[in-house]
Each structure stands twice: as structure tokens, then as C-alpha cells.
Amino acid sequence: MDISELKKALLNELSKLTTVNAVSDFEITYLGRNGKINELLKGIKLLTLEQKKTAGKDINSFKVFVTDEITKMKNALYLKEEQNISVDITLPPAMQEPGSLHPITIAVDEIARIFNKIGFIRMSYPEVDWEYYAFEVLNMPITHAARDDFETTFLNGKPDRKKGKMMLTPHTSNGQVREMERLKSTPPIRMINIGKCYRPNWDATHTPMFHQFEGLCVDKNITIANLKGTLDYFVQSYFGESTQTRLRPHHFQFTEPSFEVDITCTMCKGTALVDGKKCKICKSGWLELGGTGMVHPNVLKAGGIDPLIYSGWAFGFGIERVNMMKYGIDDIRNYYSGDIRFLKIF
Amino acid sequence: MNIKITHSWLLDYLDTDATPIEIQKYLSLCGPSIERIEEVNGETVYDIEITSNRIDTASVMGIAREAAAILPMFGKKAILKKKELKIPYFEGTGVPITITDPEGVCRRVLGIVVEVRGVSSSPAYISNRLSATDMRSLNNIVDVTNYVMTEIGHPTHVFDYDRISTHNLILRHAKNGEEIVTFDDKKYLLDDKDIVIDDGTGTIIDLPGIMGTANSVVTQDTKRILFFIESNDPVSIRRTSMHYGIRTMASTINEKNPDPNLALTALYRGIELFTEVADAKIVSPLIDIYPKKQVEITISTSKRFIDAKVGVEIPLDKIVSILTNLDFKVEVKNNDLLSITVPTHRVSDVTIPEDIVEEVARVFGYFAIPPVLQPPVYVTQPKETELLFLYQYVIKLFLKHKGYSEVMNYSAVSKELLSQFDSEKTEHLFITNSISEDIKYLRQSLIPSLVKNVKQNEGFAKEIKLFEVAKTYIPTNSLPKEEFKLSIVTTVSLDDLKSILISLMKELNISFSIEGGGSNSYLLQSVAGTISTGTTKYGTFGQVKPILSRNVGVEKAVYVAELSFKELMNAARVMPGYKSFSQYAHITHDITIKKIASYSELKKKAFDISNKLISMSPISTYKDTITLRLEFTDHNRNMQESEVKSEVKKIQAILS
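As given, the protein sequences belong to chains A and B, one line each in that order.
Taking the working numbering, the leading residue of the first sequence gets 268, the next gets one more, and so forth.
Taking the working numbering, the leading residue of the second sequence gets 18, the next gets one more, and so forth.
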């Protein structure tokens, strides 16, 4: 048996093959049950004892050779196949048209999660409510000029003898005394009330429907320092860690003292300058976030809570406004226009 | 409200080394917000927001007083220049003049007759200051009234004394239907809640505190004036000025309850100016009807209370100096108790200890209070509320991932849209003072808005796929029932809508069935279905009646679903009910039968009869037959072929 001849023949045949499949078929002709290797092995029994010894060894080494060569050949062909694969990886595939969430939904979720972490539960209170909850209990009797600040959308529903006219709430603050009532006038209270509000303004910067989020915290020993701590926490979580807040004196009937909150401008970071020019967003380095204050004792009393034992803070901010400040979504009329070109952005 | 004052005017009352920029910055942090500084005709003008409780700051004098208390906290010199105002003593009876308030409609009435040299233009400094602060300079006499209002903070008025021929002024309530003509020549019909001035003959000569009338105001020929200042009832002023829409600066101030004691200051300052600009000579005694004098009040509180509300300790001497600089008088007992006398110009605003906290804290500086989060506590959230927000987000996110866009429409729609949907006869709550007919009727279904969205977007997208989660408002005897609905609209196909609904129910792990028909009057009865579990109905879906969608201008088929959010969230589960899977073989068998009922009914019957059936799906339909693929298994062992055959036979029997 001339092994070297066999090897030569094998290499010759292998070299003619061009595909992995052909090599696999070829493999069977050598290594299969009826393949050449087995045939050689069958021939052994015809040999002398002396010849058997070397023939066995030769056949085994030949088998190893065959296996190795076939593997080598296959790998070479695989490599060649892989090298031949060519796609434009940047070509967009066929796709389902993506859907979208409304930008208010995105903001509401983000805000609710931030407050949830410090133990504030999210609540939902009526959008159609009595004057009683929207004004009266908020220290705004019917004759009060402060009601001017909340132009009101009234409904034709039958007025309640005690609670006054039926209206669409101009703010989420109607939830304040409602939450006190829900908790049977027993603090602690930690609430975020997010909802739709309505005021009869319709121009470039106002829509007759908008969203507010209302924070209310009532407990023993709640201080202005606590309000500042909460505002800082929220503002840094929502707008970024370097954002600063400041309180300015203001007046709301349902808080005492009352403040307006400003935050450092998200565009110029409070410097009032962008590339050496006056910042177009804020002009002064600060942006107004909204109104806040310490809950007025009359509001606590209206909710059945003793202001000598408890104190609290409250705020009400516009969601469209924080979206504008954070994401620059400036034309708020798009929010409720139903225009799919706007909705698809988000 | 906003007021404007000039820097030079402010310096008449304030000795300071602070620049306008510093004044803006420090006052805004601790007092009134100075929103803007403008340069007008060489004057530096402050545009200041005055909150409704601080009408005492709506003047040059008021701002100077705030500045004198605030600027020293920032190391700036600021001393209030208090003017010594007095008028010449008048002897004798003077010209005839009677002013009476028999019904007691005013808190204070001041009047004095003054002879003037003639009506001409004002000196330059007066007309400059007026025009820089957005007031029209008219003549030397009228200008003084506006000038005094801005400088002192109390509205004033002048009559032409000789045009009131009776020389008699009676303050009274108007009669229903009484007519007046204001000096801007507008006519109003009054009612018995308005307050007027009668000249004794029944003729009205003024709408006090709001606007003068044409028959009594100063003209070019005026020789003698009645300088008249009254403190009105703020509620009445507000009512009348809102009722007739007469919004003047005077009414805006008067409805916020300015200090009646300020009226006399304004009168003195007015006389001083009339003397300067028109050689004024007093020709009558001063009439001052002031039955119930505004007095100072006293508030008792303590340093401990202030510290407890602020959350940081403020030294006692600082508390005292802040309050003293704001014209409060402070008595301290035991280094803690404070007895604070509130000046009359602050009594309408500062009434309770919390108001004192505000005064101290704002001037101390809110910026000087450290931020400290309150300790966390646990508050129970109602389970229903928790689920509402959880599933709102789950469902919205799911629909977004399925290619649908979330839309938010106004909660109210137009009558036109309701009638396009044949719903104008249904009782809806509506807005009585709506600013637009487009948003008047509170929605009871989201479908009309969504179909309108389809129309609106026709040009912008080939296929429309939208959803909305919003409240609907169902009228009751009291407040409406506010129910969240989930509504979906698509123009793709009924199957597209169905597949969304089915996968949504799967996402929420709700087992459900679909039946034909439903109670939704917007849907084509033959292409309508109801999704339910037992007796719980989640809602309906199908094709909008073409006549309705065509009413909105949509020609192609529109498919919608409207589901009750509450029912969905109550049935939803985070985890599906667990049943172990069968270890044994699943055997599939197809049957073709005559379709004698809806697919849902066939399916229900099949599952009821065979407990080995684990799934059924339609393969194809042909004429009146349907081919179904049935899948069987047994949880305890492999099924024999004969067993499968007997199950199939049972099913075939029940479905025929």
C-alpha cells in the first residue's frame, strides 16, 4: 500500500472542489461507512501478520491526514464564502411605522416618578368641580379680586346650594381640600395631583385646556426650608443637577407666605449669555417655573386640619411650561391640535 | 397689575446709593418684582408687578418704603425721605359746598374747593413723568390727579365746581335703569348695586372710584375745581367695574382696598401741586366725612413661631429691625413673644401671624434659608388610583409600540360635531361662557374627536392610527360622572383594529370573548362587536357608520374602538393565570364544517364540549363552510388516536 500515492490522489481530488457542500459529499467517499478508509481496513485481513502491523498504522495515519485536509479545505472555503458576503449595513430595513406618546404623557410619567421616590402619591381629582373646592376653600370668597387671576369656565350644571356653581377647574388646587377630606383631615399628606385645567385664554402662549401638577405636603413642623428642599430636589432631578432655584415674594390667597419659583435658565445655565450674546430664552439667567407657598391656615381649616398643630406647603406648576423649559417645545397650540406631524415627533 | 415709576421720581422719596439694576435685583428678591427696566425720554422706568395684596406698594412712595427696608440688607444706603405735607389754613365759610353720604356707602370722603388760574399744559417734569409711565398728559389740572395717584398710591378726582350748579353732592346707590354717560362718552344703564353721586336734583354726576361723567368733568374753561377723594367699598367697586367692563387705573386700585388714611396724604399733595401748577387758592373749608377711622391692629406672635415656620433661626434683633423698617411697631417680651402693631396701610393684608412670617422671611431673604427635604412618610394611595396610572402608562406604551400615536383633544367639542354624529339631542354639559363655539360641549365619547382627527390629518399620512385616553363627562344630578375612556381609531382595516384589541387584551392578561353587535350608535351594526368577559363589557369596536364619517368629510372607512378604562384596569393582571403546560404530545386535527353560527359561538361550544381541546383556529372559509384547526392534549398521558377521534366527533356533532 502506497500511502504517499493515496495522499497525492486525495489532494488532487480535493483541490478540484469549490464548495463546502462538494467537500462534504467528498468526505463521505473517504470517511463514510462504505468509504475508502473502511475499504482499506477491510483489506487488512488478507495480509500477513507482519504486514498487518504496519498497514494498520498507515491506514490510521492516512485517516488522520484525510480528516485534517478536509477540515482545512472546508475552512478555506468557509472563509472564502464569508469574504464574499457583501451588504450595505446602512440600508434601512422594511419597518412597521413607529407610534408615539403625547409629550404630556412623557412628562407626567417623569414627574410622577420623581415625586414617588420621596413618598408623594399621585392622585386624581375632578376636572368638573364646585366653586367651593376651586375657590372658597382656597381662601377666595366670591367677592375677592384674586379670583380675577383665575378666569373661570362655568358649566350649565345645576348649582349646588352650598358649594356654588359648577365649573371646569382653572387649576389643580381643587385637589388640596379634597385630599384633606379623603384622609379624614389627618396628616401626613404627600400628594401630587396631575390633571387637566381650563381657563378661557386662547392665543400663541395659552390654550384653553392645559395640564398642571400640584404638590401638597402637610405634616407637623413643615417649613419653608422643606419647601425649598423639595423644589431643589425636583428641579435637579428633572432639569439637571446643576439647576438652581430661587424664591421671590408673591401673593396667592391660598398660601402664606407665597412665592414664585425661578430656576436657572436651561439654555444659558443662569449666565444670561449664550456665545457672548444675551440669552434669548430668559434674558436674565432665570426662568419662571410657577407659584408656590406655605398652605394658608384657612385652607387647612377648610380641610378640617388644625393649623396650630400642622403646617404645609403647596405648589402648582404647568406641564406645558416645564416641557417648554426642558425640551424647548415652544408652540403650545400644537399640543391639542391633533396634528399628526406634531404627535409623530415624540 | 403692573405699575410704572421712574427712577428720578423714586429718588424724590428715597436717598440711596443703589443703581437701578441693584434696585431691580434686590427688590425682586425680597419685595415687589421689578419685571423690566426701560429707558424712556431719558428717564429710567421701572415696570413693577404689584400683587393684589400689596396695593400699598402701587406708588412711588410705596416702592420707596419697600426699598428703604430691603436695600440696607444688601449693604446699600437707603433712607426714606418723608415729606412734610400741609395745606394753608382756611378761614371763613367759603363758597357753598355740601357733600353727604347718608347711606354710608364710602369709608371716607374728602372734598375741598380750589380756585385755579386756568387750564393749561403741565410743567415739563410732570408731563415727562406721566408719559414715561404710560399716562397721557392732558392738562395741568387733570395731570395732577394722575400724578398724585402714581406718587401717593390713592386715586383722586376733580370736578368742575361751577358745572355742579347745586354745589351739592350726595353719595347713594343707583336706581335700576338709571343712565350715566362717562367722560369718554359711553352710556351705561345702572342697577341698584352701583354707587353714584347725585347733585341733589336726581342727576348723576359721577361713578365714584371708577370714572367721572361727562357732565361734571374739568373743561378748558374751568375756573374752580372740587378736589374730591373718596375711599370706596372695594367689593362694590370691583362689582361695578367688572359688571360694565370699565377698567380704569382708579378702579383697579380702589377694588384692592387702599388705606383711607392715604386719602388725606393724597389730598395734601394734590393741593401742593395745584398751587405749583395753577396758582391754586383754597376757597372752601375741607370736608372730611370719616365716620369709622381706619385704625392700626396688633398681632401677637413669637420668635419661636416664626422660626418654626421658616425652618431656620432668625436672630431676634433682625426680626425687630426688619419689621421696624417696614413701619411696624414691635414690642418684645421674654426674648420671644412679639406684640406687633400693623400700620394702617398694611392692615388689609397683614392680619395673622403667618403674614408676619412672610414679612420677616422675605426681607431676611428666602435665599438665606437652607433647603431641607421633609422626612419621608408613608401615605396610602387608593388601589384604584394606583391601577389607573399604572395601566394608563402600560396601555399607552403598548399602543405606541404597536404603531399608534397618542393624541390629546380638548375635553369639549362643538355643537356642529355633535350634530354630525347625530348626538346633538343627547343631554351634554356645556360651557356657559366658552371663548369658542369649537369647545363648548363636554365629551361623552372620544370617537367624534378621533374621526375629526382622521379628517384633519388626511393630507399628512397615508394611514391614520391614533388613540386617546381621556375623561368623558356624563351628566348626573350633581357633578358629572368622569369616566376615563380608551379610544382607538384606524383607517387601515377592521383586522388591523381587531388584532390591536386582541393583543392589547393579551398584554393585560384578560381572557375575553368577542360578540357581534353592541350598543354603540356610532357603529355600523353589521360591522360592530363587543369585547367582554362574562357580564363585564369592556367596550365596543367596529366601523363608524359611513354616513357619520362622511358628515365630517372622511370618505374612506374608519374603524374605531372605545373601551372603559375602569373595566380594563380592574380585569388586567400583571401575570397571566398559570396552568402548567402538558408534557405529552399535542395532536392537531383539521375539520371542515358548515358555519352555522359566529366564530365566537362555535369556539365557545367546542371548548364547552371537549376538555381535551387546547386551541382552535380558523384555517379558511369557503362559501358557507369553515375549516378549523383543533389541537388536543391530555395533561396526564399521551392520547390514543381513538380518543382524539371521539373528541373530534363530539365537536363536530355540537357544531352542526
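Calculated from the structure, these hints are not laboratory results.
None of these values were measured; they are calculated from a predicted model.
Every residue gets a Cβ at the ideal spot worked out from N, C-alpha and C, and that includes glycine.
Accuracy of the hints is not assured; some may be wrong.
Claimed, not checked - Chain B side only, calculated, beta carbon under 7 Å to chain A, not exhaustive:
#, residue
1, Pro393
2, Ile448
3, Phe477
4, Ala614
What the hints assert, rightly or not - Pairs of lysine-lysine, DSS-like flavour, derived with a Cα cap of 30 Å:
#, chain 1, residue 1, chain 2, residue 2
5, A, Lys568, B, Lys612
6, B, Lys554, B, Lys621
7, B, Lys203, A, Lys425
8, A, Lys425, B, Lys419
9, B, Lys442, B, Lys417
10, B, Lys419, A, Lys593
Stated by the list, open to error - Just a few of them, taken from the derived set where beta-carbon distance is under 8 Å, the chain B residues facing chain A:
#, residue
11, Glu120
12, Leu404
13, Phe406
14, Tyr410
15, Tyr427
16, Arg590
Against which earlier hints does the structure fall short, listed by number upward? 4, 5, 7, 8, 9, 11, 12, 16
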